[in-house]
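Quick note, the sequences are listed as chains A and B, same order. Numbering-wise (our numbering), the first sequence opens with residue 69 and increments by one. Numbering-wise (our numbering), the second sequence opens with residue 5 and increments by one.
Treat the hints as calculated values from the structure; they're not laboratory data. Among the hints, a few may not be true.
[What the hints assert, rightly or not] With a straight-line Cα cutoff of 20 Å, these simulated DMTMM-like cross-link-like pairs (lysine to aspartate or glutamate) come out:
no.: 1; chain 1: A; residue 1: 132; chain 2: A; residue 2: 363
no.: 2; chain 1: A; residue 1: 714; chain 2: A; residue 2: 530
no.: 3; chain 1: B; residue 1: 32; chain 2: B; residue 2: 244
no.: 4; chain 1: A; residue 1: 709; chain 2: B; residue 2: 100
no.: 5; chain 1: A; residue 1: 842; chain 2: B; residue 2: 183
no.: 6; chain 1: A; residue 1: 803; chain 2: A; residue 2: 619
no.: 7; chain 1: A; residue 1: 84; chain 2: A; residue 2: 753
no.: 8; chain 1: A; residue 1: 842; chain 2: B; residue 2: 244
no.: 9; chain 1: A; residue 1: 709; chain 2: A; residue 2: 422
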Amino acid sequence: MQALNRKLFRDLWRIKGQALAISMVIAVGVLMLIAYLSNFNSLQSTRDSYYERQRFGHVFATLKRAPLALGSRISAIPGVAQAETRVVFDVALDVDGLAEPATGRLVSIPEHKREIVNDVVLVHGRYIEPGRPDEVIVSQGFVEANRLGPGDTVGAILNGRRRDLEIVGVGLSPEYVYTIRQGEMIPDNSRFGVFWMGRRALAAAFDMEGGFNDVSLLLRPGAQVERVIQELDELIRPYGGWGAIPRDLQLSHWSVQNELNGIRVAGVIIPMVFLAVAAFLLHVVLHRIVAVQREQIATLKALGYPRLSIARHYTYWALAISLTGTLIGTVCGGLLGRGMLSMYNEFFRFPVLEYRLDPTVVAGAVVVGIFAAVFGAHTSVRRAVRLQPAEAMRPEPPAKYSASLVERLGLQRLLSQPARIILRNIERQPLRSAITIGGIALSLAVLIVGMFAVDSLDLMMDMQFRVAQRQDLQLTFTEPISPDGIYSLQRLPGVMMAEPVLSVPVRLRSGQRSRQLAITGLPESPQLFRVVDAETLSPADLSHDGVVLAERLAHVLDVRPGDSLTAEVLIGSRPVRELAIASTVRQHMGLAAYMNIDAVRRLLHQDRTLSGGYLTVDSQALPDMFRAIKETPAIAGSGLKAAALKSFQETFAANLGIMIFFNVLFASIIAFGVVYNAARVSLAERSRELASLRVMGFMRQEISAILLGELGILALLALPLGLLLGYGLTSQLVKAMETELYAFPLSAVPSTYAICALTILGATLVSGLLVRRKLDHLDLLEVLKAKE
Amino acid sequence: MTASIPDPARQATADGGFRGHDIVFEAKNVTKRYDMGEVTVDALRGVNLSLRASEFIVLLGPSGSGKSTLLNILGGLDVPTSGAVTYRGRDLSGADDATRTAYRRNHVGFVFQFYNLIPSLTARENVALVTEIVRDPMPPQEALRIVGLGDRMNHFPAQLSGGEQQRVAIARAISKRPEVLLCDEPTGALDISTGVVVLEAIERINQELGTATAVITHNAAVASIADRVVQLSDGLIVADRGNPVKTAARDLTW
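Throw the hints in and build the complete structure from the sequences for me.
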């Protein structure tokens with residue numbers, strides 16, 4: 069056994085280049101597996117313990133105003149462990165050094181600290197003191213983005229009156245791990261913050277003494293969420309309740325959960341591609357090794373080595389290569405995983421986000437690595453075991469060839485002898501040619517999948533910010549006002565165009581299925597906020613009374629155009645109406661429903677029917693505009709498109725570069741591994757043939773052309789396949805990552821595909837040239853002397 | 005290909021034909037030393053040899069005597085450590101790889117013990133491999149007819165016997181109408197009767213085309229078909245004698 073192991077080490081050392089190339093492919097697969105799954109584990113365990121510790125609620129509801137007494141009835145709902153009633157309002161902020169208006173979410177907390185649902189973690193500073201109504205704890209992201217801290221003040225318009233709120237503490241809450249406003253795509257920490265304020269002070273400012281407008285429930289283990297929601301809805305309905313939602317639909321939780329799902333999907337699918345390629349490469353290399361070592365195997369058998377030893381010997385080959393890769397991948401995966409987690413730290417706010425490389429993840433990676441090795445080795449091992457010693461002592465008969473397909477088609481005259489050698493070799497070993505083609509194609513596919521996110525985000529941004537939304541600014545009133553309000557919007561400084569919007573919270577129901585959302589009422593042919601189909605780019609028709617649904621919403625509710633559904637309006641007199649579904653539009657994100665604004669007014673039977681407006685503003689006048697907004701108490705919030713775009717670019721641009729770098733690196737490793745191994749195996753098998761050609765007087769470049777020409781043809785055949793595979797894999801990934809509220813557009817940008825294909829060709833060329841160097845040093849005499 | 009050596013032989017023949025008397029190869033004090041890690045092997049230790057046009061010589065000697073090394077140096081596959089080798093008056097001992105490649109391509113035909121055919125090409129295509137890259141080749145069919153394989157041209161190596169494969173290799177070597185044919189143990193892997201057929205082919209080429217031929221063998225019986233027999237031992241030529249009574253290859257026995 070000792071001697072066999074020594075043989076293993078020396079043999080492996082002789083093919084170290086090839087072995088390392090395969091190890092690297094495995095390393096990348098393992099690296100991704102480890103990086104993704106360790107991030108999944110870290111985020112999930114951090115989140116779960118955070119939720120547990122801070123008593124993150126299970127059910128959330130907002131209402132207009134209910135008396136405090138209702139709180140105890142809510143607490144009495146079976147399954148409820150703790151009910152927290154709160155006062156919550158969004159207000160306009162005036163932050164020093166920030167021209168644009170920001171939005172603050174004021175959330176009430178008890179003056180005397182006690183354990184509440186959605187408890188705040190104090191990162192630094194102190195808790196508010198009773199009797200100091202202007203003290204607030206502010207969310208960490210907002211404080212950092214605006215370079216504020218305890219002792220600073222922030223101006224806020226509370227119910228029409230400007231107050232200076234004093235920051236005493238910096239905090240975090242499980243409710244705002246992902247601190248984002250409804251309807252926005254990515255967090256804008258400088259323009260949206262959470263302000264925790266004393267209950268008494270907040271209630272006084274908004275005339276909510278003795279009442280509340282928000283409730284969160286902590287449930288007992290085993291409680292039935294659906295039943296609790298039903299009972300809660302009944303209790304709060306008379307008080308303007310908007311309909312409770314479970315934790316799954318809470319915006320921050322939902323975002324974190326989506327990311328977790330995405331990580332898990334990517335962390336399984338992508339590493340599998342790498343490991344599959346590695347298994348095939350192991351197959352090719354081991355196949356070759358067993359063929360070369362025929363006589364050695366026969367000798368070992370003649371010496372009395374049992375089949376098991378032989379099987380173990382060749383399995384070790386594969387395992388040595390695979391476990392080297394697994395080791396490299398685990399170490400690098402741990403490092404990359406840590407880096408990835410710090411990237412998540414920019415998006416998700418946890419008190420401590422600790423990187424945790426779970427032993428089970430490492431064990432999983434090792435198992436997968438072993439599986440790839442065994443899978444790749446099994447046919448070669450079987451061949452070695454079954455070899456008959458007497459037969460194997462003789463060299464293998466010359467390989468059988470036949471005329472290639474191209475020649476049988478009658479094109480023979482067009483081919484030189486070297487061209488025939490190339491074609492017949494490709495055809496003689498269809499499996500190996502297929503593996504090379506498949507491997508190169510997969511490397512291209514992996515690259516396309518990686519680059520897809522870049523194009524997809526681009527497309528989404530383009531759709532969102534250039535095609536659909538053409539406004540500069542979106543304003544939302546604290547409460548719906550009369551339609552005349554549009555004139556006051558038009559009178560704001562620098563306004564060139566103003567379009568009304570009426571957004572109404574509803575619950576849409578079709579049979580058993582229902583969703584709670586806002587119907588957006590728009591003019592018949594809106595110029596600024598347009599409802600556009602993401603694929604046809606044609607605007608939806610809003611000239612009728614029917615409702616236009618986002619396709620995904622129609623799917624969720626299982627309805628199609630021509631059907632009708634029930635709309636329960638959640639404000640005002642809470643009318644219930646049947647709505648006809650006029651059409652559906654494809655949209656990348658959100659479960660949206662649109663109607664003509666006049667139809668929404670009829671639905672409401674109300675005259676106060678303007679909830680906000682979309683504006684285009686002369687950029688010169690923006691500072692005046694911002695000042696005016698800050699001084700207008702009726703305006704609760706504003707969304708500046710340019711700021712959203714800027715914040716998006718700042719958040720993603722840095723990460724995008726890193727992402728592209730790793731994608732190119734990893735895909736190139738596959739391409740290199742595949743081509744290098746294919747070339748080395750061909751070179752080893754055919755060095756005699758190529759040396760004979762050199763002896764006959766063929767030049768170096770002429771024999772290189774034969775060996776590399778074969779690879780070149782395989783690479784060219786692989787490209788179209790890779791493009792298709794890339795598209796297919798991307799669409800699978802898009803499907804796997806699609807959620808109810810979100811779908812990456814499946815973009816296939818020709819220039820990206822072309823760049824990916826060129827990158828892979830480049831990696832192919834580099835490995836081809838490395839092998840060519842070997843070819844140039846072919847020892848003619850040595851090769852001719854030895855019989856294989 | 006531009007680096008090819010000028011071909012005085014052909015000019016001379018055209019001028020008035022004293023071919024047959026002029027010297028094709030000349031080796032003077034050729035040594036070859038291989039450094040193999042800690043040991044050095046002196047494969048040739050001062051060899052002097054000349055080969056005339058149309059001459060048929062046999063190099064005899066036990067394994068390790070330096071026959072193959074000498075043949076490889078004459079054929080431009082290797083360079084001597086010291087001494088001079090000239091082909092038609094041109095120095096080969098200091099030629100670079102490209103020059104030697106061009107030399108092999110245009111002037112030398114090689115035949116090896118293990119045939120060295122390209123398995124993916126048929127007999128005719130193996131010959132065409134050479135005829136496609138040289139000036140003034142003979143048609144592959146003709147070369148194959150000379151070695152008696154006119155009817156098996158479209159067979160792949162795997163479909164041919166050992167003797168047939170070796171004859172394809174000979175056809176491939178002569179199809180370029182080489183000045184010299186160098187054969188290293190051409191019958192080493194064959195039985196008597198196939199070996200004789202192969203030697204007949206070599207003999208015929210020497211006689212009909214006037215190709216200077218050097219055959220390496222460790223089989224003394226083969227020597228009787230040569231014009232001259234050169235015996236090597238331990239890196240030196242120990243005997244160099246003419247063979248006044250040539251035996252026809254078909255009459256050989258061993």
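Each hint, compared with the structure:
no., hint, in the structure
1, A:132 to A:363, "violated, 87 Å"
2, A:714 to A:530, "holds, 13 Å"
3, B:32 to B:244, "holds, 15 Å"
4, A:709 to B:100, "violated, 71 Å"
5, A:842 to B:183, "violated, 32 Å"
6, A:803 to A:619, "holds, 15 Å"
7, A:84 to A:753, "holds, 17 Å"
8, A:842 to B:244, "violated, 41 Å"
9, A:709 to A:422, "violated, 35 Å"
The structure shown violates the earlier hints numbered 1, 4, 5, 8, 9.
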